[in-house]
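Engineer: So the sequence lines, in the order shown, correspond to chains A, B and C.
Just so it is clear: in the first sequence, position 34 is 34 by this note's numbering, and no numbers are missing.
With positions in the second sequence counted from 1, the corresponding number in this note's numbering is that position plus 1000.
With positions in the third sequence counted from 1, the corresponding number in this note's numbering is that position plus 2000.
Keep in mind that a hint or two might mislead.
SDA-like, lysine to any residue: derived pairs with alpha carbons at most 25 angstroms apart [said to hold, decoys possible]:
#, chain 1, residue 1, chain 2, residue 2
1, C, LYS2183, A, VAL7
2, A, LYS114, B, ASP1027
3, C, LYS2183, C, LYS2524
4, C, LYS2183, B, LYS1008
5, B, LYS1008, A, ASP91
6, C, LYS2183, C, PHE2517
Treat the hints as calculated values from the structure; they're not laboratory data.
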Amino acid sequence: MAEGTTVLEHQFDDLDQQREASSLGMWVFLITEIMFFGGLFAGYAVYRSTYPDAFAEAGLHLNVLVGAVNTAVLILSSLTMALAVHAAQVDRRKALVVFLLLTILLGTVFLGIKVFEYADKFRHELVPGYAFAFEGPHAREATIFFSFYFAMTGMHALHMIIGIGILAVLTVLVRRGRFSSEYYWPVELTGLYWHFVDIVWIYLFPLLYLIGRA
Amino acid sequence: MAAHIVPKRVYYLVFATLLLLTLVTVDVAFYDLGILSFPVAMLIATTKALLVIFYFMHVRYSSPLTWVFAIIGFFWLMILIGLTMADYLTRAWISLAGG
Amino acid sequence: MVTRTAEPRTHYLNVSYGVMSWLLTLDHKRIALLYLISITLFFFLGGAFAVLIRLELLTPAGDLVESETYNKLFTMHGVIMVFFFLIPSIPAVLGNFLIPMMIGARDLAFPRLNLASWYIYTLGGLFTLVAAIFGGVDTGWTFYTPYSSIYSNTHVILTALGVFIVGFSSVLTGINFIVSIHKMRAPGLTWFRLPLFIWAHYATSLIFVLGTPVLAIAIVLVALERVFGFGIFDPALGGDPILFQHLFWFYSHPAVYIMILPAMGVVSEVIACFARKRVFGYKFVAFSSLAIAALGFLVWGHHMFVSGQSVFASLVFSFLSMLVAIPSAIKVFNWTATLYRGAIAHDAPMLYAFGFIGLFTIGGLTGIFLATTAVDVHVHDTYFIVAHFHYIMVGGAVMGYLGGLHFWWPKMTGRMYPEGWAKLGALLIFVGFNLTFFPQFLLGYLGMPRRYHFYPDEFQVLNVMSTAGASILGVGYLIPMVFFLWSLRYGSAAGANPWDAKGLEWQTPSPPPPHNFPETPVVKEEAYAYSSQEAERG
C-alpha cells in the first residue's frame, strides 16, 4: 500500500504542495514566537540599559556553570533532533525513535536542572512577589532583573514542556508507522519548533547568566 | 521537489562548533571588555543562532520564501526593540518646556 | 416575491445536516458562517454597552450610573468591539469564505486550524463574557499600567485572558491566509492577477502574525505583576509603566490597520464591479496594502505623545505617522480614478463603498492632525480622538464589512436581500453615524475629555445630538440584521453571478458546492477584466 496517498489532504493537489505549505506554516508560526519572546527581550533591553549596575549585580546570583551545562544539554538535544529528522527522511524508523527519545530525555534533563535552579532561588529568597531579600544597594531594581529572569526562563520552560509533549506524541505516531520517507515532515516541523526554543535559550544564557562577571 | 537531506557529519560539525562557542562565550565573560562585553556576547550568540538556523533548521537549503520569512521575523524584532529603545535612550535629550 | 424551492443540487449548506456537521465542519465556508453568528452576537453586545454610554451622556450630570460602573461600560464596549468584532470581522467572515474561492482552491491550507481558530475565538469570548457578568473591568480597553497591574479591583486578568486567547485565533487565521495565498493559487493566477481583496488580506495577515504576539506578552506581564507581584511596571521598584504602553501599542496601532485593510479590500472589489471598470493603478493599490502594513508598525508612539515618552521619540513617531497616511491616500485616489467615467450603479454595496471613501477620508485626515504632536497635546484623551477613531472604525471598517456582506450575501446564501430596504439601511447608517460622531469632533476640540460621564452644561447640546444620532444608527444596524435573516427564507434565489462581476468566486454556483469548483479553474485574464465598453455604456 502506498502510504503516501492516504496522507494527502483534500485541499492539496500533491504531497509536495502539502509539505511546502506545512513548512511555510511552521515558519510563519515561528515568526509569531519570535515576536512573543521579543516583547520580553525588549523589556529586558529597556531595563538593562537603564539599570546596568543593578542587573550586573543581580546576575551574579545565577550559577554560570549550571547555566552553561544546561546550554550544552539543549544544544545536544538540537543535535539529536536534527538526527531524528535525518532518520525520518531516510526511513530509518528505529533510529528515528531513538533520537526522538533522546531529545525528550535531554529536554527533561534541562527542565530538571531548571527546577533545581528555581528551588535554589526560592531558598535564597530571590523570588519577586513571593520572597525577595536581596542584599545590596540596588535591591529595588534587582527585583526587575529577577522578574525578567523568571518570566523569560519560565516562558522558555513552558515552550520546552509543550515541545516535549509534541515529541512524545510524535514518538507514538512513529511507532505506529505513520511516517515514511514520503511523509515525514511533521518530524521536520517539530524539529523547527525545537530548534527555535534552543535559539531562545542561546540568547537567554548570555543575557541572564553572563553579565557582570568581569 | 524533494527536500534536501543534510549529511550527518554536517550536524556533528555544527554541534561541535556550538559547544565550542558556548565555552568561548563563558570564558570571554570573565574578561573586562568594558563597553564591548555586550556586543561580543551578542555576536557569539548570533553566530550560534545562525548555525542552528542554517544547518539544523535547513534554511541554508531552503527556498527563498523561507529565507524571507526568517529574515522578516528578526527584522521586526529589531523594530520592536529599536524604536522602544529610541524612547528610553533619548529621554534626556530634549526637555519639555518648563523643565 | 417568488421563492424558488432549493435546487436539488448539492452545495455546502445542504451537503450535511445537524448541529455536529456544523460544529465539526472543516469547510471554510461553514466556518465563515459560524464566525458570522458569533461576531454578530458580540457586535450587538458591544453596541448595548454603547447605548448605555450614550444614554448616560444625554445629561451633564453623571446620573444614570456610578463612575465606577461607567468606567466598566466604556471598557467593555472597547474590549468587545475591538477584539471580538472589528479585528476578526471581515477576515474571519468574508476572508474565510472568499479567499479559497478567489484563489481557485478547494479550501484553505489548514482547515483544522481554521476550525480551531473559531473555537479559540469562542473560548476567548466566553472568558470576557464571564468577566463582564462578574462585574467587568474598568481599566479602559487599553489596560494601562500601573492601574491594571496593581490598583484596579476589577476582573482584569479574566478579561485580559479572554483577549489573550482570542489573539491566538487571529494568529492562526493569519497563518492560514498567508500560506494559502502563497501555495494554493490556481494555475495562471499570478500575484498581480489576484483580486485586491486578497492583497489586502495578505497584508492584514502579516500584521496578525507580527503584532498579536506582542500584545500577548504585554498581557502576560500584566498578569504576572497582578498575580505574582513581579515588579515590571511598578514605579516603586524602578519599573516604567510606559513600557507597557510601548508593548501594547506596538500591536494596537497595527491592529487598526488590521481593521481597515480588509475593508479597503472590500471597497476595491465593490467599486470595480459597480463602476464596471478595472481598479485604476492596481499595482499601486496592491503595494499600498503592504506599505500600510509595514509602515503601520513604525508609528505606535503617536499614542504616547503625552505619556512621558521622550520628546525626540515623539518627533520621530510623528514624522513616521505622516508617512503612513500616504499609501492610504494613494488608495483613495485610485478608487476615485476608478469611478471616473465608470458606469456607476447605486446598489447597496456601492453605497457602503461611497460611504467608506468619504468617512475614511475624514477620519484619516483627522489622523494627520493628531500626528502633529503640538495638536495632539491639546486634544489627546478628548472626544476628538473618540470621533477620529470611530470615523475610521465605524465609518470605515463597519461600512466596509456591511458593504461586503451585502455584496457577497447572494454568493454565501444563494438568496438576494431586498434592495430597497438595504438602501434605507445604508442611508440611516450614514446619517446616524455622522450625527453621532461629528459633534464629537467639536466636543473634543472644545475640551470635553473622554471616559468621563459628567461634563459641563455647555456641552449638552452636542451630546444630545450625538445620542440622537446613535439611536438612528442603531435602527440602521437593525434593518440589515432583519432583512438578511428574512432573505434566508423569503429572498429571491440569486444566480451564480447576480452582479455580473469578475472574480473566480462568481464563476461557481450560489451557494457554492462543498469543494468550491467542479474542477480547478485555470486563470487566463487579469483581475477586474471588465470590458471598456461596459464602462463607456454608462
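Engineer: Honestly, which of those hints from before does the structure not fit?
Structural biologist: Of the numbered hints, just 4 does not hold.
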